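*Asks:* Listed below are the residues making up each chain.
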Amino acid sequence: MPINVTMPRLSDTMEQGTVVKWHVKVGDKVASGQVIADIETDKATMEQSVFDDGTIARLVCPEGKQVKVGDVIAVLAEDGENVDAAASAPATGGAAAARPAPTSSAPAVSAAPAPARGPVVADVEAVAVDGERARVSPVARRMAQEMGVDLAQVAGSGPGGRIVKRDIVLAAETRGAAVPAARPGAQSLVAASASADSGASGGSSGALAVAGVQSVEVPVTTMRGVIARRLVESKQQIPHYQVSMKFAMDAILAMRGQLNQQLAALEVKLSVNDFIIRACALAMARHPFFNASWAGDRILLHQQVNIGVAIALPEEKGGGLVVGVVRDANLKSLRQISGEVRTLGEKARTKGLSMEDMSGATFTISNLGMFGVDNFTAIINPPNSAILACGAAIEQPVVRDHQLCVGWEMAATLSLDHRVIDGAMAAKYLQSLKELVEQPTLLLV
Amino acid sequence: MSALREIEFRDALREAMSEEMRRDKRVMLMGEEVAQYNGAYKVSRGMLDEFGPRRIIDTPISESGFAGMAIGAAMMGLKPIVEFMSWSFSLVAADPILNNAPKMLYMSGGQFGCSVVFRGNDGAGGQLGSTHSWCVEGLYSNVPGIKIAIPSNPYDAKGLLKTSIRGSDPVFFLESERMLGNKGHVPEEEYLIPFGQAAVIREGTDCTLASWGRPVHFCMEAAEELQKQGISCEVIDLRTVRPLDIGTVVRSVRKTNACVVVDQSWSFGSPGSELASQVHRHCFDDLDNYVHRVHSADVPTPYATNLEQEYLPNARKIVEAVRSATYNL
Numbered sequence: 001m002p003i004n005v006t007m008p009r010l011s012d013t014m015e016q017g018t019v020v021k022w023h024v025k026v027g028d029k030v031a032s033g034q035v036i037a038d039i040e041t042d043k044a045t046m047e048q049s050v051f052d053d054g055t056i057a058r059l060v061c062p063e064g065k066q067v068k069v070g071d072v073i074a075v076l077a078e079d080g081e082n083v084d085a086a087a088s089a090p091a092t093g094g095a096a097a098a099r100p101a102p103t104s105s106a107p108a109v110s111a112a113p114a115p116a117r118g119p120v121v122a123d124v125e126a127v128a129v130d131g132e133r134a135r136v137s138p139v140a141r142r143m144a145q146e147m148g149v150d151l152a153q154v155a156g157s158g159p160g161g162r163i164v165k166r167d168i169v170l171a172a173e174t175r176g177a178a179v180p181a182a183r184p185g186a187q188s189l190v191a192a193s194a195s196a197d198s199g200a201s202g203g204s205s206g207a208l209a210v211a212g213v214q215s216v217e218v219p220v221t222t223m224r225g226v227i228a229r230r231l232v233e234s235k236q237q238i239p240h241y242q243v244s245m246k247f248a249m250d251a252i253l254a255m256r257g258q259l260n261q262q263l264a265a266l267e268v269k270l271s272v273n274d275f276i277i278r279a280c281a282l283a284m285a286r287h288p289f290f291n292a293s294w295a296g297d298r299i300l301l302h303q304q305v306n307i308g309v310a311i312a313l314p315e316e317k318g319g320g321l322v323v324g325v326v327r328d329a330n331l332k333s334l335r336q337i338s339g340e341v342r343t344l345g346e347k348a349r350t351k352g353l354s355m356e357d358m359s360g361a362t363f364t365i366s367n368l369g370m371f372g373v374d375n376f377t378a379i380i381n382p383p384n385s386a387i388l389a390c391g392a393a394i395e396q397p398v399v400r401d402h403q404l405c406v407g408w409e410m411a412a413t414l415s416l417d418h419r420v421i422d423g424a425m426a427a428k429y430l431q432s433l434k435e436l437v438e439q440p441t442l443l444l445v
Numbered sequence: 001m002s003a004l005r006e007i008e009f010r011d012a013l014r015e016a017m018s019e020e021m022r023r024d025k026r027v028m029l030m031g032e033e034v035a036q037y038n039g040a041y042k043v044s045r046g047m048l049d050e051f052g053p054r055r056i057i058d059t060p061i062s063e064s065g066f067a068g069m070a071i072g073a074a075m076m077g078l079k080p081i082v083e084f085m086s087w088s089f090s091l092v093a094a095d096p097i098l099n100n101a102p103k104m105l106y107m108s109g110g111q112f113g114c115s116v117v118f119r120g121n122d123g124a125g126g127q128l129g130s131t132h133s134w135c136v137e138g139l140y141s142n143v144p145g146i147k148i149a150i151p152s153n154p155y156d157a158k159g160l161l162k163t164s165i166r167g168s169d170p171v172f173f174l175e176s177e178r179m180l181g182n183k184g185h186v187p188e189e190e191y192l193i194p195f196g197q198a199a200v201i202r203e204g205t206d207c208t209l210a211s212w213g214r215p216v217h218f219c220m221e222a223a224e225e226l227q228k229q230g231i232s233c234e235v236i237d238l239r240t241v242r243p244l245d246i247g248t249v250v251r252s253v254r255k256t257n258a259c260v261v262v263d264q265s266w267s268f269g270s271p272g273s274e275l276a277s278q279v280h281r282h283c284f285d286d287l288d289n290y291v292h293r294v295h296s297a298d299v300p301t302p303y304a305t306n307l308e309q310e311y312l313p314n315a316r317k318i319v320e321a322v323r324s325a326t327y328n329l
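Residue numbers (the numbering used here), protein chains in the order written: chain R, 1 to 445; chain A, 1 to 329.
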């Protein structure tokens, strides 16, 4: 029997994936464990291995095409099996019953169409996947024409990305009534249109344009699409509010300087952010609701403190943002945290973080201090209930012990989910943080 | 008063036959045990007493013989009703019922019609095993010249059987042992139900369920369950598969854009596949998904209760098919 290689679910949130690159071609022999493709998920690009020995009979999913988790991306002929026959065999998704093949040369399968049941829908679609022709259900095609919906702008939600009735209805609703279909303007220039909608979710709406202004279209990468979707979700669903506090940074900077000098030989270089991570993590012991998630009818207090660290990717490499995770940060020393954050940063900027590196954050820190930003606010990284935005430690006039003097200060702003955390709770957390940051020897034990 | 009258499916059949026999002296009933034993399933109870042995005739166990005799009688102007204890047994009478009855008018150049009704139990009766559980509509609907009625309830059974008896063509009338005891409203006043008129027995907006005979009840069960899940089904009881009221189904599918056909015969070359094909043809631009079909499994009918249940169409399979057809998996 031909073996189907399906789009794997590489993360909890992954619904679709893109084969960025095939490392094999039809006819190649592969061994179990061999990497055959790079798969771009909503979070990272990962290597996909096969679990069987065999010969590649068919590459169902072309490079660059986004398909749903579970859809067949390649067909493998088992050792000794005829590769051509395997290639023409129906690609059955999951555990579905055998379906008749579309060609008479197909191997013998049950002549009767299996009674319709759940997963079989995917099968026939998988057979039909080739080329670039959009798959559209007949009624969806007719409705698109009647309602003036441009099929090229619609993402299909049916099996194999088939555009079905509800996608057209949604597209028409999103676009707003009575707006003409996207105009056939210049290929890469967006034609001006007076209609506007909030297309920030990267959904199915047509391109936004500014009247009288020519614009260049930049395709949205998977990562950019995920950032857009998740942050729109976060801002729309989470009742955000912010609470700020300034911390005196003199002591922490002095201690950091001393430690870095003493540990220079060991190539340890602690950053201010490493101290903040440790401080945030330790404060969780007294403030469990900052390490929590809103779950609709209850709140989940996470029993592990995993601090997410926002990492900006270099613009010359396409930019973007990922969150690396320091697990059990409350149980790790400054030195361990520092080492892990550095490794995560380098990995993110070079080959990319793995799913393991990015999953499981229970609280997130975003720090723009290194760019000289004095303060800013961040959007909560779901399912967290809070995020801390740190500015730079800045030397400035301050009042200490009723005296005007020069000191170092850093502004920190918490963005909070009001469903989980109230204002006074936020203030108390910041007080705890202030205590730890301003008396940093507490961070050493 | 009569609006409230509820009778069993078997009584509706008997009323239809008796009324037509009182109305037309040419009508007669023959079959195994229909007279002295009052019918193997008590459909013809009391008919021997009323109509006597010349019109209610016990036959030997020889379907080929008495089916052929009925056809000959019909050619000579009588209007026989033949009861097959099970349609499974009609297979031994294949030549008279398939090769003679439906072709007689054509082959005689219009000289001999063949006004005969063959009726009996069709489909799995409940642990009757592979050879006694036939759904003969899968085979017989392929033959031109036959009318096939497959009622799902007492009201339709009576109205359709009277129409069958009065007509001038051979009719295969398919009942179900599992439904003979079903009660339903049947008015006392006379009525007939024309062939080729489907009934929309539940209105809905999201998916059309088209069926006939016993599986109609499974469709209603499934529609009830699907309603709870937020999927609204329109259920159509075709009532006759030849002629097939495609118009009613098409009107419904144009509204719902999705269709599931439920047919308890096997899937390959069945009335269900024919209906699906016609829907694809007439509703091509109206469909949001291919027409899904629920049939009996493509194996001989199992004897074991659990296997037989799993073999037949049931509400769970129908729910799954509708969810698939409407992209609600």
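Worth flagging that the hints you see were computed from the coordinates, not collected in a lab.
There's no promise every hint is true.
[As the list claims (entries may be wrong)] Derived Cβ-Cβ restraints for the label pairs, each shown as a range: (1) A/P300 - R/D28: 39 to 49 angstroms; (2) A/A94 - R/R141: 40 to 50 angstroms; (3) A/N328 - R/V218: 34 to 44 angstroms; (4) R/D84 - A/N328: 17 to 27 angstroms; (5) R/D84 - A/G181: 49 to 59 angstroms; (6) R/V220 - A/T205: 52 to 62 angstroms; (7) R/S157 - A/T205: 17 to 27 angstroms; (8) R/H240 - A/T305: 56 to 66 angstroms; (9) R/R141 - A/G113: 41 to 51 angstroms; (10) A/A94 - R/S49: 36 to 46 angstroms; (11) A/T305 - R/N82: 40 to 50 angstroms; (12) A/G109 - R/S157: 54 to 64 angstroms; (13) A/N328 - R/R141: 14 to 24 angstroms; (14) R/E233 - A/P194: 33 to 43 angstroms.
These numbers were taken from a predicted model, which means no experiment stands behind them.
From the three backbone atoms N, C-alpha and C, an ideal C-beta is built for every residue, glycine too.
*Asks:* Take the hints in turn and mark each one as holding or not.
*Replies:* These are the hints, each one checked on the structure:
The hint said 39 to 49 angstroms for the Cβ distance between A/P300 and R/D28, and at roughly 44 angstroms that hint holds. Taken as a hint, the range 40 to 50 angstroms holds for the pair A/A94 and R/R141, whose Cβ atoms sit roughly 46 angstroms apart. The hinted range of 34 to 44 angstroms is satisfied by A/N328 and R/V218, whose Cβ atoms lie roughly 36 angstroms apart. At about 37 angstroms, the CB distance of R/D84 to A/N328 disagrees with the hint of 17 to 27 angstroms.
Judged by the Cβ atoms, the range 49 to 59 angstroms given for R/D84 and A/G181 holds: they are separated by roughly 57 angstroms. The hinted window of 52 to 62 angstroms between R/V220 and A/T205 is violated, with their beta carbons roughly 36 angstroms apart. Distance hint check: the CB atoms of R/S157 and A/T205 are about 19 angstroms apart, consistent with the given range 17 to 27 angstroms. Between R/H240 and A/T305 the beta carbon distance is about 60 angstroms. The supplied range of 56 to 66 angstroms therefore holds.
Remark: the range hint 41 to 51 angstroms for R/R141 to A/G113 is upheld by a beta-carbon distance near 48 angstroms. Here the CB-CB span from A/A94 to R/S49 is close to 58 angstroms, at odds with the stated 36 to 46 angstroms. At roughly 42 angstroms, the beta carbons of A/T305 and R/N82 sit within the given window of 40 to 50 angstroms. Distance hint check: the CB atoms of A/G109 and R/S157 are about 59 angstroms apart, consistent with the given range 54 to 64 angstroms.
Checked against the hint of 14 to 24 angstroms, the pair A/N328 and R/R141 passes, with Cβ atoms roughly 21 angstroms apart. With their beta carbons about 57 angstroms apart, R/E233 and A/P194 fall outside the hinted range of 33 to 43 angstroms.
Going through the hint list in order, the structure does not satisfy hints 4, 6, 10, 14.
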